[in-house]
Amino acid sequence: MGGEPMLEVRSLSKRFAERAGRDPASWVIKDLSFVVDEGEFLTIVGPSGSGKTTLLNMLAQIDTASGGELRFQSQAARIDDPKSLKPGLSCNIGYVTQEDNLLPWRTTLQNVLFPLVVQRRLDAEARARAESLIRAVGLAGFENYYPHELSGGMRKRASLIRTLVYDPPVILMDEPFGALDAQTRAQLQDDLLRLWSLGRKTIVFVTHDIVEAIALGDRTLVLSRSPASIVGEHANTIPRPRDIRDIMTHPQFAALYQRIRGQVQ
Amino acid sequence: MPQRTHNSPSPRPARIGAWLSARGDQVLVLVLLLAIWQGLSLAFGTYWIGSPWGVAARLAGGVASGEILRHASYTLFEAAAGFVIGALPAVALPFALRRRPILTAILDPFMMGGYGAPKLALAPLFILWFGIGMQSKIALVAITIFFIVYFSAQAGVRSLDPGLVQMAQVMGANERDVARHIVLPGAVPYIFTGLRIALPYSIGGAVIAELISANRGLGYLIQLAAMNFDTTGVFAALTVTTCIVFSGNWALNAVDRRLLRWRPRDLDIQAVS
Chain U
182 MGGEPMLEVR SLSKRFAERA GRDPASWVIK DLSFVVDEGE FLTIVGPSGS
232 GKTTLLNMLA QIDTASGGEL RFQSQAARID DPKSLKPGLS CNIGYVTQED
282 NLLPWRTTLQ NVLFPLVVQR RLDAEARARA ESLIRAVGLA GFENYYPHEL
332 SGGMRKRASL IRTLVYDPPV ILMDEPFGAL DAQTRAQLQD DLLRLWSLGR
382 KTIVFVTHDI VEAIALGDRT LVLSRSPASI VGEHANTIPR PRDIRDIMTH
432 PQFAALYQRI RGQVQ
Chain X
53 MPQRTHNSPS PRPARIGAWL SARGDQVLVL VLLLAIWQGL SLAFGTYWIG
103 SPWGVAARLA GGVASGEILR HASYTLFEAA AGFVIGALPA VALPFALRRR
153 PILTAILDPF MMGGYGAPKL ALAPLFILWF GIGMQSKIAL VAITIFFIVY
203 FSAQAGVRSL DPGLVQMAQV MGANERDVAR HIVLPGAVPY IFTGLRIALP
253 YSIGGAVIAE LISANRGLGY LIQLAAMNFD TTGVFAALTV TTCIVFSGNW
303 ALNAVDRRLL RWRPRDLDIQ AVS
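These protein sequences, in sequence, are chains U and X. Throughout the first sequence, residue numbering follows the numbering used here, covering 182 to 446 in sequence. Throughout the second sequence, residue numbering follows the numbering used here, covering 53 to 325 in sequence.
It is possible that some hints are incorrect.
Restraint ranges, calculated between C-beta atoms of paired labels, are given here [claimed, not checked]:
(1) Ala144/X with Glu185/U: 18 to 24 Å
(2) Ala198/U with Gly166/X: 32 to 38 Å
(3) Ala198/U with Pro316/X: 51 to 57 Å
(4) Glu280/U with Asn226/X: 19 to 25 Å
Counterexamples of contact, computed for chain U against chain X with all Cβ distances above 10 Å [to be verified]:
(5) Ala241
(6) Thr245
(7) Pro263
(8) Lys264
(9) Pro285
(10) Leu290
(11) Ala305
(12) Tyr327
(13) Gly359
(14) Arg400
(15) Ser405
(16) Thr418
FYI, nobody ran anything at the bench for these hints, they're computed from the structure. In this text the structure is predicted, and so the values were computed from the model without any measurement. Idealized CB from N, CA, C, for every residue including glycine.
Start from the sequences, fold in the hints, and give me the full structure.
Structure below.
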């Protein structure tokens with residue numbers, strides 16, 4: 182997959198401010214470094230509470246770092262000062278959060294079009310793209326439904342394609358399929374891989390589920406408990422296209438799972 | 053598989069049935085109240101309590117001669133003008149203050165004081181300042197409405213989900229986009245709650261200011277009738293006041309339903325059934 186480094190993270194650290202009645206500020210993330218290549222699907226596994234969301238928030242520039250560097254396409258981004266943060270780095274970094282964060286007063290279609298509206302890019306071509314994405318994830322017929330009228334899985338799909346529709350070069354995903362049942366989850370993972378194989382965006386996908394990390398990624402990083410740092414890196418050579426539902430029966434799966442499992446505490 | 057869980061209407065006839073039965077019960081309560089009113093009127097005599105029938109006849113006469121409509125339209129105008137003049141800045145201010153927490157903190161105790169102060173007690177002062185014409189009534193209504201709507205609009209602005217704002221910013225939304233596409237629509241339900249609470253106060257404020265000093269309006273009619281020991285006249289004017297509040301509320305609900313189509317309708321259904 183190797184191309185130019187798309188995103189470089191160097192000794193990134195984070196600690197939350199001291200507050201009365203709490204231990205003096207402890208590090209959530211310490212000296213965390215990794216590189217994501219262009220077109221790579223990177224998965225990061227870590228136990229809950231290991232600072233996975235905090236890490237992505239810093240990458241998406243909606244939270245400051247207490248130290249370290251972030252480079253996007255070899256350009257350094259300022260992430261130490263809340264005032265100089267640029268959320269989403271001028272639409273270069275998309276972020277699919279744990280919650281679907283759909284706007285409740287907008288219909289499915291309006292939600293998917295929202296990024297294009299605020300980016301002033303809403304033309305016929307963009308609309309056509311939105312509609313084809315809606316069809317691709319099986320939301321056709323639900324364009325005019327409000328989020329509260331959709332099931333959890335449908336909301337996830339809408340929130341996923343809302344980021345895909347404006348085509349940011351890097352997409353961060355924070356356990357987007359965490360709260361779904363096994364069936365819907367497999368379906369969505371399938372959809373995601375299918376959509377990804379068309380455009381080969383750079384993806385950083387965070388999860389606590391080792392199977393999911395193996396099924397989706399080209400490479401898997403393992404985070405330690407907090408203060409989080411990288412304790413393992415695993416190349417994943419299971420060939421694509423992959424069959425999500427049968428990934429566990431692949432001959433390479435067991436060994437890879439064992440190695441990652443050993444490092445996730 | 054369509055999953056319109058919240059919106060899924062129970063089969064239509066059942067809903068209409070529920071609506072009819074609710075309306076039927078409401079008519080029953082109305083008849084009961086009228087009966088009690090009639091009973092009291094019989095017991096104490098129409099000198100003290102005008103009978104419902106007498107009030108109806110008086111209203112019909114007043115409407116026919118145009119007298120009641122003329123007075124009602126003064127009151128309605130004062131209430132409406134005061135409502136708009138009070139509500140507009142009350143809605144705008146919390147938006148302007150959203151990104152200025154220090155200014156908000158400075159203003160807060162004063163706003164709270166204004167909210168708590170008995171505004172109706174200002175009526176004599178306003179009459180002193182603005183005369184006995186419409187201006188004093190409009191001023192009283194505006195100041196009453198302002199504080200009610202201000203606090204509900206502020207609650208709406210504060211109810212903002214930071215997750216939605218961050219999402220929008222990541223997608224490239226600027227401050228104005230956030231205000232227009234996220235803060236405002238999120239605050240609309242709160243603003244409408246405030247407007248609905250404020251509505252009766254606007255009519256009430258206008259009527260009370262007229263009671264104190266005026267030469268026209270429903271408050272003036274009430275005052276005049278009471279001075280002539282004409283309880284039927286008082287009740288007739290009060291009935292008109294109530295009708296105005298009712299129709300105002302109905303109009304607000306209509307706008308509200310249009311603007312808030314995106315919300316689950318469970319509450320409405322429960323309210324009717």
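Status of each hint after checking the structure:
Here the CB-CB span from Ala144/X to Glu185/U is close to 49 Å, at odds with the stated 18 to 24 Å. Restraint check, Ala198/U to Gly166/X: a C-beta distance of roughly 36 Å satisfies the suggested window 32 to 38 Å. Between Ala198/U and Pro316/X the beta carbon distance is about 38 Å. The supplied range of 51 to 57 Å is therefore violated. Range check, Glu280/U to Asn226/X: Cβ separation about 23 Å, and the 19 to 25 Å hint holds.
Chain X draws Ala241/U into its interface by the beta-carbon criterion, the shortest separation being 6 Å against a cut-off of 10 Å. Chain X leaves Thr245/U outside its interface by the beta-carbon criterion, the shortest separation being 13 Å against a cut-off of 10 Å. Listed as outside the interface, Pro263/U is consistent with that label: its C-beta sits roughly 12 Å from the nearest C-beta of chain X, beyond the 10 Å cut-off. No Cβ of chain X comes within 10 Å of the Cβ of Lys264/U; the nearest lies about 13 Å off, and the non-interface call holds.
Not every Cβ of chain X is farther than 10 Å from the Cβ of Pro285/U; the closest lies at roughly 6 Å, contradicting the non-interface assignment. For Leu290/U, the requirement that its beta carbon stay farther than 10 Å from each beta carbon of chain X is met, with the minimum near 13 Å. Here Ala305/U stays apart from chain X, with its beta-carbon at least about 20 Å from theirs, past the 10 Å limit. For Tyr327/U, the shortest C-beta to C-beta distance to chain X comes to about 5 Å, within the 10 Å cut-off, and the non-interface label is violated.
Distance to chain X confirms Gly359/U as a non-interface residue, since its nearest Cβ pair spans about 15 Å, more than 10 Å. For Arg400/U, the shortest C-beta to C-beta distance to chain X comes to about 24 Å, beyond the 10 Å cut-off, and the non-interface label holds. At the 10 Å boundary, the C-beta of Ser405/U stays outside the reach of chain X, the nearest C-beta of that chain being 27 Å off. For Thr418/U, the non-interface assignment is confirmed: its Cβ lies about 33 Å from the closest Cβ of chain X, beyond the 10 Å cut-off.
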